[in-house]
Amino acid sequence: MADTALTSRPRSPLSRAADRLAAATRDSGGMIRLAELPFLTQLDVRLDAKGAAAGAVGLALGLQLPLEPDTVVRAGELTALWLGPDEWLLVGPPGGERELESRIREAAGEEPVSVTDVSAQRTTVLVAGGGARDLLAHGCSLDLHPRAFGSGRCAQTTLGRTQVVLVAREEPSAGFWVLVRSSFAAYLADWLLDAATEYL
Amino acid sequence: MLLIPCPWCGPRDEAEFHYGGQAHVAYPETPSALTDEEWARYLFFRDNTKGPFAERWSHAAGCRRWFNAVRDTSTNEILSVYRSGEDRPATPAPTPAPPARPAFEGEAVRAAGEPASAGPGSGVEGAESRQDGTARGGEGETTQPFRHPTRGRIDRDTLLTFTFDGTQYQGHRGDTLASALLANGVIHAGTSIKLGRPRGIFSAGVEEPNAVIQIEEPFPEPMLPATTVELYDGLVATSLPGQGRLATAPDPARYDAVHAHCDLLVVGAGPAGLAAAAAAANSGARVILADDQPELGGSLLGTAEHLDWVGETADLLDAAPEVRVLRRTTVFGYYDDNHLLAVERRTNHLGGAAPANVSRERVWRIRARRVVLATGAHERSLAFADNDRPGVMLASSARTHVNRHGALPGRHAVVLTTNDSAYAAALDLASAGLAVTAIVDTRPEPGEWAERATAAGIEVLAGHAVTGTEGGARLTAVTVAPYGESAGQREFAADLLLVSGGWNPVAHLFSQSGGTLRHDGTLGSFVPDTGRQAVEVVGSASGVLDPAAVLAQGAAAGARAIEAEGYTPEQPRLPAVAAQPRPAPAMHVYVVPGESDAPRFVDLQRDVTVADLARATGAGLRSVEHTKRYTTAGTANDQGKTSGVLASGAVAELLGVDVSALGTTTFRPPYTPVSFAALAGRDRGLLSDPVRTTALHEWHVGHGALFENVGQWKRPWYYPRGGEDMEAAVLRECAATREGVGFMDASTLGKIDVQGPDAAAFLDLLYTNMMSTLKVGMIRYGVMCRPDGMVFDDGTVIRVDRDRFLVTTTTGNAAAVLDWMEEWLQTEWPELKVHCTSVTEQWATVALVGPRSREVIGSLAPGLAVANEDFPFMAWRETTVAAIEARVCRISFSGELAYEINVSPWEALTLWEAVYEAGAPYGITPYGTETMHVLRAEKGYPIIGQDTDGTVTPQDLGMGWAVSKKKPDFIGKRSFARADTVRPDRKHLVGLLPEDPAAFLPEGTHLVAGGELPAPPVPMLGHVTSSYRSAALGRTFALALVKGGRDRIGERLYAPVGDRLVPVTVASPVLYDPEGARRDG
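Protein chains in written order, with the working numbering: chain Y, 1 to 200; chain S, 1 to 1081.
Quick caveat, the hints were computed from the structure, so don't treat them as lab data.
Incorrect hints may appear among the rest.
Claimed, not checked - Cβ-to-Cβ under 8 Å is the rule here; a few derived chain Y residues that face chain S:
#1 10
#2 12
#3 35
#4 39
#5 64
#6 66
#7 69
#8 71
#9 120
#10 121
#11 157
#12 182
#13 183
#14 191
Claimed, not checked - Residues of chain S placed beyond 10 Å of chain Y at every Cβ, according to the derived structure:
#15 24
#16 36
#17 39
#18 61
#19 92
#20 663
#21 706
#22 725
#23 837
#24 1057
Said to hold, decoys possible - With beta-carbon atoms standing in for the labels, derived distance ranges:
#25 S/689 to Y/75: 35 to 45 Å
#26 Y/50 to S/252: 16 to 26 Å
#27 S/828 to Y/68: 55 to 65 Å
#28 Y/99 to S/34: 31 to 41 Å
#29 S/28 to Y/75: 44 to 54 Å
#30 S/85 to Y/68: 14 to 24 Å
#31 Y/99 to S/679: 42 to 52 Å
#32 S/28 to Y/50: 22 to 32 Å
#33 S/816 to Y/151: 33 to 43 Å
#34 Y/75 to S/977: 36 to 46 Å
#35 S/951 to Y/75: 45 to 55 Å
C-beta atoms are modelled at their ideal positions from N, C-alpha and C, and glycine is treated no differently.
Please build the complete structure, drawing on both the sequences and the hints.
Structural data, given as structure tokens:
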């Protein structure tokens, strides 16, 4: 194997699949776009949605943490995903985890909040293009019709044989984010590329 | 698959949930105050209710919330869900069973059919019937002697060449293999399984019992009905004596699956199904129409009626934006919550020309709000003497072969019927040029249809039946006599005998959905009665045969279904149906009376006759389920589609009861056979199960590691060098690590971040030992038990901060431990302010192990004071290692001086390579899980799940020191005082040293007391749980669970290995460095 590929740093979970994802994107003629969005900031935030911290953290982040299950709220480059009644995933551009974490902790003050940096726990795969919904439907039992899973929706569910967090992006044509545990990322990439064969 | 409504996320597939047993079984407030019996009742006893039952579920693959559900254990219906901590709501009444089809105005159950143009018209070209049942292939259509010149929907411009039983023939696109054979004059298409009798093509669809063939080319596939195989160029098939052969090479084709959701699923695109779909088409509702044929139309394709309307409706549906039409798609299973499975045959019909990137078959997993079943009816046969000769065919099927495929099943036909429907078929066939010599009707007064046939010049023999047939490879003659009499016989020369014993609604899917069937006296068969799900049955599947009624019923059902979902239906255009002759009631005949000794077959595919059924009833069997199992009737590949009701009727006659009292056998999925390849879909080969890898995986691969599967993880097992076997490699890795320095990838260990003001209190409840006294900056080993006191997991706990801990778990248990934590937090201790988050992949971990490890870490971490007094055992430090931010822990799983370096997985490879380089002067050696196991076993450290099996307490493992005596309670504490857990003869973990230091004990070997085996039963003292060769000890050794083992140290026991009893000495489990001198380097 090429030493350069091994020593380049930092390395994302799908760095070695990037070429294959790009080739599938190219060969599908716009039907399917697959790409890793590596190194995004991801913070798991736990707090009492009815407590004082919720408002204070929301103010500090410039967005209201979503209270409706399986929805997202976006503000600027920051996206807040509902993961549970007291759990959210904040997603932002790479490198922002420290600043974001201290902003939340400062806003919460003495109120109990848990903030955990999970930026490397999962990586993000962009699945877009005219065939994105059909591609995901090969392995996702959720109803992905725009009426049921349009912009503003997210879900923790199963894709193929691995758990994922699925996010519908703002513009319907912008497709989906698929957040997957890093150790399952190579499997998911293989699965997506296999499922995409028919669209190439 | 059940749809379970998560109180947070809404309805999700059952597969996303974990079951958690009975709800509202609270953890006792003071377990220590309970008697052993009371505690055992809490631990082991649960209700076993039939009916509504409150139970706990976790949305494990979703929001990870625990909640409660009331489920009816007899129907699996979820009656209500409520959040954890809420009281059980009043049990709602179960949903009443809806009728399969609501009361329908003006509905009349009448015989089907339409007047056909009278009399034989067009001639048939080609040669005379070949009585040997074969024809030889050649050039062009002229070599298809039984091809009708004009009829059929085949593409006459496309000539396809195929081979059957070694002979080459030609057919057309649009043929099935069966119709192409018929067009070539071949009707003999198989040999019966038990009796070896010649069998012919019997039907034109999935119900085919006889013509079950083996495809040889392009890819071997066994047991396909020739009536369902679309013809393609280059097809090579052979007839089968009963059973086929699987391919020996892996199937090169792709298979996949799709999940689909709709407001309305219509199954079947015959007149009723098309009308239902058309009513819903442009309403905005999401509609799926699935049909097993390549083109829409259903029975209309066979009768060639209303084809303009079929085409117009197909265009309408194809153009409607929210309608998905699935052709060549068989809905084969109907499961809970309107979940239906279908298989779409996408490229089979293209043969060798199928594109490689398109899946050959696709499984559709359809979740439908409403279902309309328009699955049609199968014509029923009759049990008369020698009713199995090639040339005996269902009447409607012959009509289908002529009208759909332009294939003539014969030239001279006799018809045997008990009802009106065969008349329409006979008249149509006559108009196609087939000579219909006679219609034999069992009814004494057949009515207006018979008059029409007579007017067309066909002799009608009322009150007659067929009493025998003649012929070999093809039928030559039919014997007819007045019904029930032997006198007055007449013989007709015929190469075709068309049979109609009435119609069986295809109620398979309805029955699978939980619906019940009832006997319909008019139809003489079983029809859908009450349903359990949101489903309606329409058309002949519901027992309605009148064409106008079928159309209106379908349209009404489609409209009702989408109205219920909030959409406004349209009134679809339905074709005008010409006036029908007045129907005459059918006669219900199953076994045709006669004196002949010849076999009267009920199940052609299983060679089951009326005589076989008589033996079953003679043996005292009184139920069709029993006669089915006794005779195998209905158990073949066709699952008794033509024989089921016939068998019920025959058994009823034999028992002298009414068939309505006897019922039918149970219908179970799949409706038609589905290949395993299709069901497996994409989940095969590399994708059959996810492979989890660490950030260092490619390095391991590049350095020749062999891998061990640990759960879904691939972990390096050992790194053989230059032809080493496993034994040599592991001895080398062990020696290098104990004498110098080794390193391994420990990233797979589960890691959970535990945060909150109550984190310490929570961990005190979870672990057997005390965690709240741990100081920030320090690490403690801990054991977790189940409430029954048995070890569940172990690992280290790092105190990151006052309110924050990092817990590690075993590799295989990471998810289970997190679920366990959530379960207690959410369901028992919701007042605790603590949150748990998985960070397994947030960190990569490199274990640096051995006496020289301090030098290696020291050279890489200049800012780290590495001296033992600065950085003691079980402490952790934040620093930079190889210029990478790291958390370094002094933890040892080998007894050696060791460091665990935790970094971001994005930097893991850089760190790993830096460690490799820095360690090179000390001969640093990468090692895998096998060496890790040897090193830990030499120190007597157990592996949970290898040395334990869910029946082992910490005390059994010799780890009483890890069980707190000070804490008032923790999970498992009460159980340590149970009589059973304090028995002196419990199995203890001990070491074993074979007396021959080279003797190796396989894991699992039993241990016995004496040097000679007594007569069985031999008292077993325990078994070997781990066994290795030790470089450090220079010998083999093992760990074992042995009854009262700690009291036996020094004793000799025997291990039966093969034929030998190997003498072993019981020892302390700590065999290496028992004084712990090596830990600090």
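Now the hints, each set against the structure:
no.	hint	verdict
1	10	holds (3 Å)
2	12	holds (6 Å)
3	35	violated (17 Å)
4	39	holds (7 Å)
5	64	violated (18 Å)
6	66	violated (12 Å)
7	69	holds (5 Å)
8	71	violated (11 Å)
9	120	holds (5 Å)
10	121	holds (5 Å)
11	157	holds (6 Å)
12	182	holds (4 Å)
13	183	holds (4 Å)
14	191	holds (6 Å)
15	24	holds (21 Å)
16	36	holds (39 Å)
17	39	holds (33 Å)
18	61	violated (5 Å)
19	92	holds (23 Å)
20	663	holds (36 Å)
21	706	holds (17 Å)
22	725	holds (25 Å)
23	837	violated (4 Å)
24	1057	holds (39 Å)
25	S/689 to Y/75: 35 to 45 Å	holds (40 Å)
26	Y/50 to S/252: 16 to 26 Å	violated (58 Å)
27	S/828 to Y/68: 55 to 65 Å	violated (28 Å)
28	Y/99 to S/34: 31 to 41 Å	violated (52 Å)
29	S/28 to Y/75: 44 to 54 Å	holds (48 Å)
30	S/85 to Y/68: 14 to 24 Å	holds (21 Å)
31	Y/99 to S/679: 42 to 52 Å	holds (50 Å)
32	S/28 to Y/50: 22 to 32 Å	holds (30 Å)
33	S/816 to Y/151: 33 to 43 Å	holds (36 Å)
34	Y/75 to S/977: 36 to 46 Å	violated (56 Å)
35	S/951 to Y/75: 45 to 55 Å	holds (54 Å)
The structure shown violates the earlier hints numbered 3, 5, 6, 8, 18, 23, 26, 27, 28, 34.
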